[in-house]
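Asks: For the sequence shown, the tail end lands on 646 under the UniProt record's numbering, and the numbers increase by one without skipping.
The set of hints was computed from the structure by calculation and includes no laboratory data.
All figures in this text were calculated on a predicted structure; none of them were measured in a lab.
Glycine included, each C-beta is placed from N, C-alpha and C at the ideal position.
Keep in mind that the hints are not guaranteed to be accurate.
Dumping the calculated DMTMM-like pairs for lysine to aspartate or glutamate here, alpha-carbon to alpha-carbon at most 20 angstroms [as the list claims (entries may be wrong)]:
1. K464 <-> E474
2. K288 <-> D441
3. K582 <-> D534
Quick list of simulated restraints, FRET-style, between CB atoms [claimed, not checked]:
4. F406 <-> G454: 38 to 46 angstroms
5. G509 <-> L171: 29 to 37 angstroms
6. N373 <-> R476: 41 to 49 angstroms
7. T291 <-> D359: 20 to 28 angstroms
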Amino acid sequence: MTETQEQTPRKHVRGSKKKTAAKASAKTTAKTAKSGAKATATRKRAGKGAGKGANTTPQYGENAAKGKKLATSDTNDTNRIAPPKYRKGSMRIVPLGGLGEIGRNMNVIEYNGHILLIDCGVLFPEEEQPGVDLILPDFNYIKDRLDKVDALVLTHGHEDHIGGVPYLLKLRKDIPLIGSKLTLGFVEAKCKEHHIEPETIQVEGRDKLKVGPFNLEFVTVTHSIPDALAVCVRTPAGSLIDTGDIKLDQLPLDHRVTDLVEFGKLGEQGIDLLMMDSTNAEVPGFVKPETSIGPALDQVFATATRKIIVASFSSHVHRVQQVVDAAHKYGRKVVFVGRSMVRNMAIAADLGYLHLPEDTVVDLKKAKDYPDNKLVYMCTGSQGEPMAALGRIADGNHRDITINEFDTVILASSLIPGNEHGVYKVINKLVQLGARVVNRDNAAVHVSGHCNEGELLYMYNIVKPKNAMPIHGENRHLVANGLIAVKTGIEPENVVLAEDGDVVDLYHGKAAIVGSVPCGYIYVDGDSVGELTDDELEKRRILGSEGFVSCFAVVDTDAKDVISGPKVYLNAVAEDEKSFEKVRHQIIEQLQDAMMGGTKDVHKLQQIMRRTLGSWVARELHRKPMIVPVVADVAADMESMETYSD
Numbered sequence: 001m002t003e004t005q006e007q008t009p010r011k012h013v014r015g016s017k018k019k020t021a022a023k024a025s026a027k028t029t030a031k032t033a034k035s036g037a038k039a040t041a042t043r044k045r046a047g048k049g050a051g052k053g054a055n056t057t058p059q060y061g062e063n064a065a066k067g068k069k070l071a072t073s074d075t076n077d078t079n080r081i082a083p084p085k086y087r088k089g090s091m092r093i094v095p096l097g098g099l100g101e102i103g104r105n106m107n108v109i110e111y112n113g114h115i116l117l118i119d120c121g122v123l124f125p126e127e128e129q130p131g132v133d134l135i136l137p138d139f140n141y142i143k144d145r146l147d148k149v150d151a152l153v154l155t156h157g158h159e160d161h162i163g164g165v166p167y168l169l170k171l172r173k174d175i176p177l178i179g180s181k182l183t184l185g186f187v188e189a190k191c192k193e194h195h196i197e198p199e200t201i202q203v204e205g206r207d208k209l210k211v212g213p214f215n216l217e218f219v220t221v222t223h224s225i226p227d228a229l230a231v232c233v234r235t236p237a238g239s240l241i242d243t244g245d246i247k248l249d250q251l252p253l254d255h256r257v258t259d260l261v262e263f264g265k266l267g268e269q270g271i272d273l274l275m276m277d278s279t280n281a282e283v284p285g286f287v288k289p290e291t292s293i294g295p296a297l298d299q300v301f302a303t304a305t306r307k308i309i310v311a312s313f314s315s316h317v318h319r320v321q322q323v324v325d326a327a328h329k330y331g332r333k334v335v336f337v338g339r340s341m342v343r344n345m346a347i348a349a350d351l352g353y354l355h356l357p358e359d360t361v362v363d364l365k366k367a368k369d370y371p372d373n374k375l376v377y378m379c380t381g382s383q384g385e386p387m388a389a390l391g392r393i394a395d396g397n398h399r400d401i402t403i404n405e406f407d408t409v410i411l412a413s414s415l416i417p418g419n420e421h422g423v424y425k426v427i428n429k430l431v432q433l434g435a436r437v438v439n440r441d442n443a444a445v446h447v448s449g450h451c452n453e454g455e456l457l458y459m460y461n462i463v464k465p466k467n468a469m470p471i472h473g474e475n476r477h478l479v480a481n482g483l484i485a486v487k488t489g490i491e492p493e494n495v496v497l498a499e500d501g502d503v504v505d506l507y508h509g510k511a512a513i514v515g516s517v518p519c520g521y522i523y524v525d526g527d528s529v530g531e532l533t534d535d536e537l538e539k540r541r542i543l544g545s546e547g548f549v550s551c552f553a554v555v556d557t558d559a560k561d562v563i564s565g566p567k568v569y570l571n572a573v574a575e576d577e578k579s580f581e582k583v584r585h586q587i588i589e590q591l592q593d594a595m596m597g598g599t600k601d602v603h604k605l606q607q608i609m610r611r612t613l614g615s616w617v618a619r620e621l622h623r624k625p626m627i628v629p630v631v632a633d634v635a636a637d638m639e640s641m642e643t644y645s646d
């Protein structure tokens, strides 16, 4: 076994009942490793997934430390352990999003009946979630206790941290929002669109604030958006730091470097739990400074002969600033495109975070008055979203912007995992139209806003926490972050690899997973919030990939005969209806046999029709379309008419 393998904080697979144990370190003796493997885990499964006599009592303090294991919860309801009743004097942490995914970040902190929320973001849908607009954290855990929420802390203004705020405030509108000036500016504009006027408390780095029993201290951090903050939370039960999104850029555009001095002071005072951004934990070394993009952008602008289109996140003020500076240098006008881009840049400029040289920005409607070689369009759509500005431009559907040969398109943002297909699909369309596309594959036009491995090592060594709980990342990122924590001397059993819905209790300086709560995806579909189910999404996927088959028949259950049909109708299926003649006779036989056996229930007859037709289609046509059977019973209709006449 290699050193890395021995130090890996192991996880059980979701749905697995098997318990494994992580060994303390590479230097652990064989005897110690053997005893560690036999150590009691921090929890055991209950419910259907557990054996008889399963112990559901959480282990605190030294007992928890004996288990050389980093347990994670099951999302399967049959295997989930309900958390124990809150133990007075402990601090409870429940992530409702952001663990195992990039998005919908939200953490619930509880102490003696009081609740503090940190972030409330959204996750953007993927291709297998057709029709979904946004995905929210699962508020059900706190929905019945919203009156106990003392405040919501917002670490920064990206959508994956603030996008869900209006939906939370619709449940309780007077939850105080705590954040920096720019973050609150973005949130207030977002809430205004939902006709909500939030209660806000503005803070900045090194500010201290007490809300309920929570003593908060804010720390300036560098990210890809200005005014980002980490938050330290202290209660009599212990202390934790939630870093939000963070990097250690030493040359940020706004000169607001991550306040390592303050992190060091907090570390000297003692931090029980460090909740650290995991996004780039697998990337070795250090993130390049934001200023390194300038020369790459300058080169692209210097060689562009026609219009330039730059796609970025609508809240990436630093990136927009560099585009504006390059445009001003080369005598080009900047046009902001997309509702969120226009809104956010107006807010950033008004608050002094975006500096726009005089006469540099022009309205989209006035852009037609300028030649192409004097224009830069700053738009959304860097993640390949089909309805964003760049996606509509690539499809030729944008009302004001078209791609011509020798235009230049710059994708100046990160590529969020899962969006690769959509992004390269847009790139291919742009190239086919004759555009020159510049992205991270062929130019240094993006640097990340998250700590690489080297910076994470610095953070752990500066803060020196007793426990670590990686946050903000997919499972591979969380595990990589946990390994980094172990490298700096944190014991593997003190590294908590949690999942959404896990309940983590901090008690007597030890953090341990003690159970889990339901934590599903809450889909926003138009005006509908939480009404769309996974089963309905599955039906949409089937409709989109396999087609639709409906079958209609009229029967007389008294005569035990099929009077008319079955008639088959097809939609988005390659074969024609004549191909289904072979199965019609099978359906008739199955329906008649069922009626001869005494079946009069129309629903049961429809299920027989569905099974017969579905089996034939799968066997003969090798596909699984959505099948909608309809059976009408004339005998039931006659009975209803007689009852009505009586």
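Asks: Check the hint pairing K288 with D441 against an upper bound of 20 angstroms on the C-alpha distance.
Replies: 16 angstroms, holds
Asks: Using the C-beta atoms of T291 and D359, is the stated range 20 to 28 angstroms upheld?
Replies: At roughly 25 angstroms between Cβ atoms, D359 and T291 fall inside 20 to 28 angstroms, so the hint holds.
Asks: With the threshold set at 20 angstroms, check whether the alpha-carbon distance from K582 to D534 stays at or below it.
Replies: Cα-Cα ~34 angstroms, so violated.
Asks: Between the alpha carbons of K464 and E474, is the straight-line distance 20 angstroms or under?
Replies: Answer violated: K464 to E474 is near 24 angstroms, above 20 angstroms.
Asks: Should the hint that G509 and L171 are 29 to 37 angstroms apart at their CB atoms be regarded as holding?
Replies: Given range 29 to 37 angstroms: holds, Cβ gap about 34 angstroms.
Asks: Does 41 to 49 angstroms hold as the CB distance between N373 and R476, or does it fail?
Replies: 44 angstroms, holds
Asks: Holds or violated: the 38 to 46 angstroms window for the beta-carbon distance between F406 and G454?
Replies: Holds, since F406 and G454 (Cβ atoms, about 41 angstroms apart) stay within the stated range.
Going down the numbered hints, you'll see the structure goes against 1 and 3, while the others check out.
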